[in-house]
Structure formats: structure tokens, C-alpha cells
Amino acid sequence: MTITKSEIRPGAYFDSVLLMLLQRGLSELPGVEDAGVVMATPANLALLDESNLLTKDGEAGKPDDLLIVVRAKDEKSATEALAEFDSLIKKRKSNVASDFYPKSLVMANKQLPEANWVLISVPGRYAAEVADQALDIGKNVFLYSDNVSIEEEIDLKSKAQKLGLLVMGPDCGTAIINGIGLGFANHVQKGSIGVVGASGTGIQAVTSHVSNLGAGISQAIGTGGRDLKSEIMGITVLQGLEILRQDMDTKVIVLVSKPPAPEIATKILSAAQAIDKPVVINFIGHPSASQKIDNLYFVSSLEEAAEKAVSLTKNNDSQKVREKITLPKPTGYLRGLFSGGTLAYEALLSLQSFLSPIYSNVAISKDQNLEDPLESKDHTIIDLGEDVFTVGRLHPMMDNDLRLRRMKKEVEDPEVGVILLDVVLGEGSHPNPAKEISAAILETKILRPELVFVVLVIGTENDPQDKENQIKELEKTGAFVFTSSNNTIEFLNQMYQESNDKISPSIKIEDFLAPFVAINIGLESFYHSIVSQEAKAIHVEWRPPAGGNEKLMSILDKMRN
Amino acid sequence: MDINQANEKVVNKIMAARPMLTGLGIARDVVPGMKENLIMHAGPPIEWEKMSGPMRGGVIGAILFEKLAKDEKQAIEMVEAGEIEFSPCHHHDSVGPMAGVISSSMMVYIVENETDGNKAYSNLNEGYGKVLRYGAYSPEVLEKLSWMNDVMGPLLAEALSDGEGLDIRALLAEALHMGDEGHNRNKAGSLIFTKLLAPRIAKISKDGSVASEIIQFLGDNALSVLNPVMAACKAMCDAGHGIEGSTVVTTMARNGTEFGIRVSGLGDKWFTAPVEQPNGLYFPGYTSEDASGDIGDSTITETSGIGAFAMAAAPAIVTFISGTPQDALNATLEMYEITTSEHSHFTIPSLDFRGTPTGIDIRKVIELGIPPRVNTGIAHKDAGVGQIGAGLVRPPMAIFEKALIAFAEEYNLG
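Protein chains in written order, with this note's numbering: chain Y, 1 to 561; chain W, 1 to 414.
One or more hints might be untrue.
Unchecked claim - Pairs of lysine-lysine residues, derived as DSS-like cross-links and limited to a Cα-Cα distance of at most 25 Å, are as follows:
hint: 1; chain 1: Y; residue 1: LYS558; chain 2: W; residue 2: LYS9
hint: 2; chain 1: Y; residue 1: LYS62; chain 2: W; residue 2: LYS402
hint: 3; chain 1: Y; residue 1: LYS476; chain 2: Y; residue 2: LYS408
hint: 4; chain 1: W; residue 1: LYS402; chain 2: Y; residue 2: LYS551
hint: 5; chain 1: Y; residue 1: LYS558; chain 2: W; residue 2: LYS269
hint: 6; chain 1: Y; residue 1: LYS472; chain 2: Y; residue 2: LYS508
hint: 7; chain 1: Y; residue 1: LYS110; chain 2: Y; residue 2: LYS159
hint: 8; chain 1: Y; residue 1: LYS445; chain 2: Y; residue 2: LYS476
hint: 9; chain 1: Y; residue 1: LYS314; chain 2: Y; residue 2: LYS292
hint: 10; chain 1: W; residue 1: LYS144; chain 2: Y; residue 2: LYS558
hint: 11; chain 1: Y; residue 1: LYS551; chain 2: W; residue 2: LYS73
hint: 12; chain 1: Y; residue 1: LYS536; chain 2: Y; residue 2: LYS558
hint: 13; chain 1: Y; residue 1: LYS110; chain 2: W; residue 2: LYS9
It should be emphasised that the hints constitute simulated quantities derived from the structure, not laboratory data.
Put together the whole structure using the sequences plus the hints.
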């Protein structure tokens, strides 16, 4: 008759890879049908239950207890298998060198003081504390552990930033630093493409594809999935970009992330734009309206990101110095007053990535929603073709009156610095919009000569209004006139770019580029992986502090203060 | 309150202490609180009913040695009638190996910490075989004790009376470079000790054959220096005891039944739990079945940064734990994890002269779950059989937990 037996070892901690090996070892013993060797967390207990491996004793297990369960064909086999467990551990231990594995980070650092990285893969509830200790002794951190709270992440990253150190993660699955793959890294070629990624598999996909295309990777910096949330403000992404900017071996940069919060996107893109290298950007699942702004290349898939990056490495144009045109300085917010709904929407879509906060009556996200379409605030894009404006009057493409009155109102606001307008020509539109608009512009310029006017003209030479003349008329007022949406956005971007604060996180690049030497805490397999890549490393035989005893831990905590 | 600062202060005092062997005396004359019917013993306080075999044997032997009773039966009757008082050596500035039994007329080594002026005491080492410290009290055991007390002791006392004390700290530092760890291996230290004493003994002795006998005895016994070393360690640890806010352990001791520790910042309170069985190598014919519980004050060596903590210096005895020289290194490396400092005088050649791990911090013991290592002799559980092996033992974790909780209460960290 089948029998299931279990054993609990309180406070015995083993990493999950070892547990898997031990579990396999037990299953292979004679008479054993199935076995489970897990830390008795609720999730693991549920898994055991599904496999019919949960015993009464097992149910009582606590998260810091090691639970060993064996289902065997008879009592004797089960008992023997359980008794075999310790020799399985020993057998495994005797396989490794008898070199001393330190038990604490402090001691590991004494043994390998030249270590510049600490790889952390301990259970989440302990990970932040270990990462904090690592920063205290001046190490960069690769934080593989998940279940680290966002508050802890903020603390760690702010601290790292102050110290000029990097915290990759939490939940950072992979990275490639100075040619050494961390976590789940692929064996890729060394090369000139640097990657910053808030997604582990995203980094893997891009770096692998780059390598398959015959190019190579200089650095791949993981940031953890939450880095571009508004709480974290993209600290690690910004630091990563700065590293790649300074790294002489990096010629092209790829940035991979889920779509960031709008205000973060502004920061990130303006930092990326300040780099004199092409930056390929893939905000996964969130195509940008523009394909290219200045040195930024927007792509819509990971594969495309890799392909674009590889092609840019071959393109000498990427090296050319950006042409310096004297741009007007915006003295305040942008107010876009559109007659064309789609043009308004497209402008908003592109602008939101570098201007924030931005509001609109055709908001893309909820937080952009303008409460009162008649009252602009901060940066605003208004579609005056919306019903609320057109009730009882002509569409603004035919009648400029409403738009010009709104413009007058906008320029009375001293916080406004730029007015963006569209002029849509063609059959049925106003016969000479430029005339009315130019007159209005000149009128406002008497009072506020510093105002910048940007006009997007849509139409053809054959349109009844005569496009060339319309443009000339508008340009006479000093307005900047464009005929493509992309150019308009790029111009606005550059103009605001100049006035955006330069973000320069302190990173000591020489330190970062020093040969990779690591202290590994947690999964032993990461240590072996580093060593097999011929980098120096030391493994810490980590156990939960105070054996996971909450009372003692809380005392220890108080004693630290 | 800054615990780190307090601990730093404690280890600095322990390391700055300079224990000098300045002489010998009769326990009742020199040991504080010693009296006729008092028997001191190893470890934390214990009652007769709970004493282990070797401890009981030692007590009976001491009563017979003091001639308080004429035989074993009468000795036990006296104890049961409450006529004998017991007290830990540690309560009298003293330490004794294994049973650690010291009675009022026994001669003791006097070690004085030149830096702070405190003194510590220990009895004379009897060598191997049937000895009182392992609970033996047969006539030949008592006879040897009498010779040591009446012949060797007084002569050693005279030899040391010229005011030139022996610097035990310097002796230990040298012995560590000669393959000793100061607890289980004192071969080199005992030879240095003999070498230092021999000329003085020869100089003052009126009888060449007595001098020869004493020098022979000291030189043959690879544990001759253990007791002065223990007294020196006690003097060093006491120098660091009683510092407000410190979590450093200043006493570790075992009475065969319980393991006890005291902590610098927690006064004279003991934290105890049942002893564990040493894990080691047994002499032919014996197994762990025959072993007594862990016993003796000699853990004062580990407390002051030598013994198992200096295992890397003594690869020759790593066979006790059936290990390799690498294991000896690992043992010391592990102890750095739970200590406060590296000793400024005791260094280890194979670790590039790194100082030995010194000053056990209960916080680190708890946080990392690593109890201190202790090298130890293993006594037979029956009185009088003697040593049956040697090996490694660790104090029970519970005593460090108790101490930590008491510390939190004492300093309102609850």
C-alpha cells in the first residue's frame, strides 16, 4: 500500500536549486513514487497538495521550515528514503571544493575586497536588507530576488544613486556586465550595442537577436520591471543610459521597457536625446507616433529593436554631429490649438513622451483629461473641432474666429510660451486662413514678442488656398512653419529639450568598467555560472537571519540602531 | 547606546590585558571567598543531584584529598547532608579544566593582568590517565595530587618568587606559531613553559633529583601549561567583563550537565542550557555511548580568541574532527563571522598572520545561526575512567537566544 511520510526541519534553509536536486535524488530512490523537498511556504504547500504529497505534519510547516515528503510503495521504502536525505546533501557537498564559503556579506568582502558587484537571489523578504548592506560597502547590486516592496526599491535606488552605484532590479532576471552574463543571460558576442532594459526576457530577446545578426553587445543593464513607474522615476534606466553614454565601446543604445508613465518618459527621452549616440527605443506594445526624433529611433518590436540597432552600427551617419540650429527658447508652456482632430491626437501622442504634465480634451490617458475644455493648464492640446466648440457654429477649419479668440486668451496667460496651430488647406476649408492667423499673431507679438508660434500646414500645391503663399504669409510673422507632423514634433522636442534640465546621475564609469568581480548571495548556480565565465567570484552560504525567528530578528534590528 | 562601540571597548580591554604568571599559592590563602568546606567546580552553578559522573568523582576526590572524609561513602554522606558547599570557579576569579574541582588546600597558579591589576587562578595540571579532573579518586590519583601540592607546587612558587613573572600572552603568541591552538594542543606551549621554568627550578632546588623529577613531569605533560593559560585567558576576559551595552561573551563554561555563558553587558547572570555531546575521535575501545556531557572551564580559551578559534594554527589536530588542514583553516575563518575583532597579539601564519577571531558577539551568533566552535577533551561518563577522546562541540544555540532576549530587556529594546 502506498504511504506518504514527511519530515519537518525548522529553520533549515536551502536554495531552491539545491532543493530541486535533492527532490530528484529522493525520487530516484528504490520504492519511491514521488517526493517533495520544499521550504514550507503556503504556495509550496498548495503545490504539494496538488501532487498528493501534503501530510498532516506537512500542513503545519512554516515558511522557514524545510519540508521533506516522500510517497513510497511501502512504509519501509518511505522511511529509508527519508533517512537517506542527509547523505544526499553530504554527497552533494563533497562534490564541491572544500574552500571556505563565508556566511555573511561582511566576511565575503574581507575575502574578496576587489568585488565590485553583489548578486542577490535570497528570498524577497530578506533581499532588501542584503542589498542595503551591499551598498553600504560600496558594491553595485544585481538584485534577482522578487517580492521586494516598492518602498524598499525606492530606498535602495535613491541610496545607490547618491553613492554613484547601480541597483539592477529587484526582479532583474538578466544582465551582461563587461562581458559577463548574470542571471539568465545568453551567450552573446561582444560588440558595440549597449542595452538598457526593464524587462529580463526583453533584454534576452534583443541581445540574442543582435548576436544572431552578427553584431555584439557591450553592456546589457537590467533595471527591474518597476523602474519606469512614477514612484521610482527611472533611476536605474537613467543611470544605465549615462553608463552607456560614457562607455567608449558602446556605439548604439537600445532601450527596452514596458510603456513608462508619461512624466517618466519625458525624463528618459530627454536624457536619451542628450546622448551623442543613436538610441533605439521600444516601449513594448506602445508604438510611438514618430519613428525618429533627433537621435531617437522608435521601434515597435524587440526584433525590430535589434535589427535597427545593428543597422545603426553600420551607419556612419549615426556618428555625425547634430546640426546646431539656433532654436528659440520657450518661455513657458505649450498650447496647441488644433482644427484637425487627428492632428491634435497625433501631436498629443508624440508630445506626451517629452512634455509632462500635458492635458487635452482628447486625452489619451485618464490623467491627461482636461476638466474644463475652455480652460487650458500646463501644456495643453485642444481639438477645437470637438462638439463642445462647434455647437451652433462652423467647424474651425472653415471659421478661424473661435480659435483666434482662444489664442488671444492663451497668450494672456504669462505662463504660456509657445502656441502650436494647424492650418488645414483644401476644398471647403477657409479660403485664406494664413491672412487671419498672421494678423492675429502679429497683434499678440506687440505685447509679447518672446512668444513662439509653430504652425503645421497640411495641404498641397494644388489646393485653392495656394500652399506656398500661405506658408510665406505665416513665416513673415516669425512663426516656424512645418508641413509634416514629424518635423513639427521634432522641432518642439528640440526646443524644449534645450530648456529641460540635464540629468546627469553620478556614475563612476572607470569603476563600472573595472573587471567584473562578484560576491554571490543566494542561488549557488549563479556563482558557478560566473566562475565558469572565468570571472572572479565568491559565494556566500546564506541562511535567513536568526533562522527566520521573528522575535530575535526584531531584537537584532533594534540593536542596529 | 552604541553596542559596536561598547564591544570594541571590550575586545580592546581583552587584548590589552597582559596576563603574567606571578606565583602560586594555597587556594584558601589566595582565592577570593575560598574556605574549608567549599569545593569549586567547572561551569555554571550546579547541585550535587544534577552533577555528571566525572564531576561527582572529582568532588569525592577533593573531599578525600582534603581529608574531610575517610572514604567515598562518608564523602557522599557529607555532601548529601549539605556539609559541603559548591560554587563555580568563575565566581572566585578561577577556572579549572574538565571537572575543574579545586578545594581549599590545593595549590593554584596566580596570574595577574598587569594592565588592569585583576587576578585569576587555576589549579595544577595532573597530566594524562587517571586524574581528578576526569573524576578519578583512587589512591594513586590522590598520591600524585599530594606530590604536586607538597613537592612541585612549593618549588614552582619559589621559582617564581623573584618577581619576574612569566608573560603568558607572549608564550601563547609563540606557541600559536608552533602548531598549538592553546586548548586541545598545548605541546609547544608546555615545552616553552618547561624551558622557562627549568633554569629557575635548577637554581633554587637543593635536591637535584627533585628538580629533575619536576622538570621531567612538566616536560612530559603536553598539558602542563593549559592551567596557567586558562587562568591567563580568564584574566583577559575578566578585563573585558562588565562593560555597559556590550554583547560580547566574556565567559563560556560547562559543568557536564549545562553549558553556560555570561555577557559583558549583562553582569554576572548566567545563561544556560543542557550541554551537547562532543563530536570527535574516540580512543580505541570507546564510543560516543561512553561519553560524558560536555564539561570544563577550558572554553575560556575560545572566549578569549584561541582554542578552536585558532584552529588554523594547529592543523596537526584536525584529525579530531576527521578533517583536512583546509578544514582547520575553515574553522577559524568561520569564527571571524561571529567575532568582534582580530587579535592584536595572537596571529596565524597560514592566514598571512591575521589575528585570531576575538570577542564572540551574541548578535552575530544569532543572526548567522553560527554557535562558537569549541575544541574539547571528551570525558568518560563514569567517574574516574578519564579521557576517552577529543573533538569538537558547540554550545547550544538556546543560551545565545536567552542572552539576546535578556539584553533586549535589560536595555529596553523589547
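Here's how the hints hold up against the structure:
1. Y:LYS558 - W:LYS9: holds (21 Å)
2. Y:LYS62 - W:LYS402: holds (22 Å)
3. Y:LYS476 - Y:LYS408: Roughly 19 Å between the alpha carbons, so the hint for LYS476 (chain Y) and LYS408 (chain Y) holds.
4. W:LYS402 - Y:LYS551: With a Cα-Cα distance of about 12 Å, the restraint between LYS402 (chain W) and LYS551 (chain Y) holds, given a limit of 25 Å.
5. Y:LYS558 - W:LYS269: It holds: about 22 Å lies between the C-alpha atoms, which stays within 25 Å.
6. Y:LYS472 - Y:LYS508: Distance of about 51 Å is beyond 25 Å: violated.
7. Y:LYS110 - Y:LYS159: holds (23 Å)
8. Y:LYS445 - Y:LYS476: holds (12 Å)
9. Y:LYS314 - Y:LYS292: Cα-Cα ~18 Å, so holds.
10. W:LYS144 - Y:LYS558: violated (55 Å)
11. Y:LYS551 - W:LYS73: violated (50 Å)
12. Y:LYS536 - Y:LYS558: violated (36 Å)
13. Y:LYS110 - W:LYS9: holds (22 Å)
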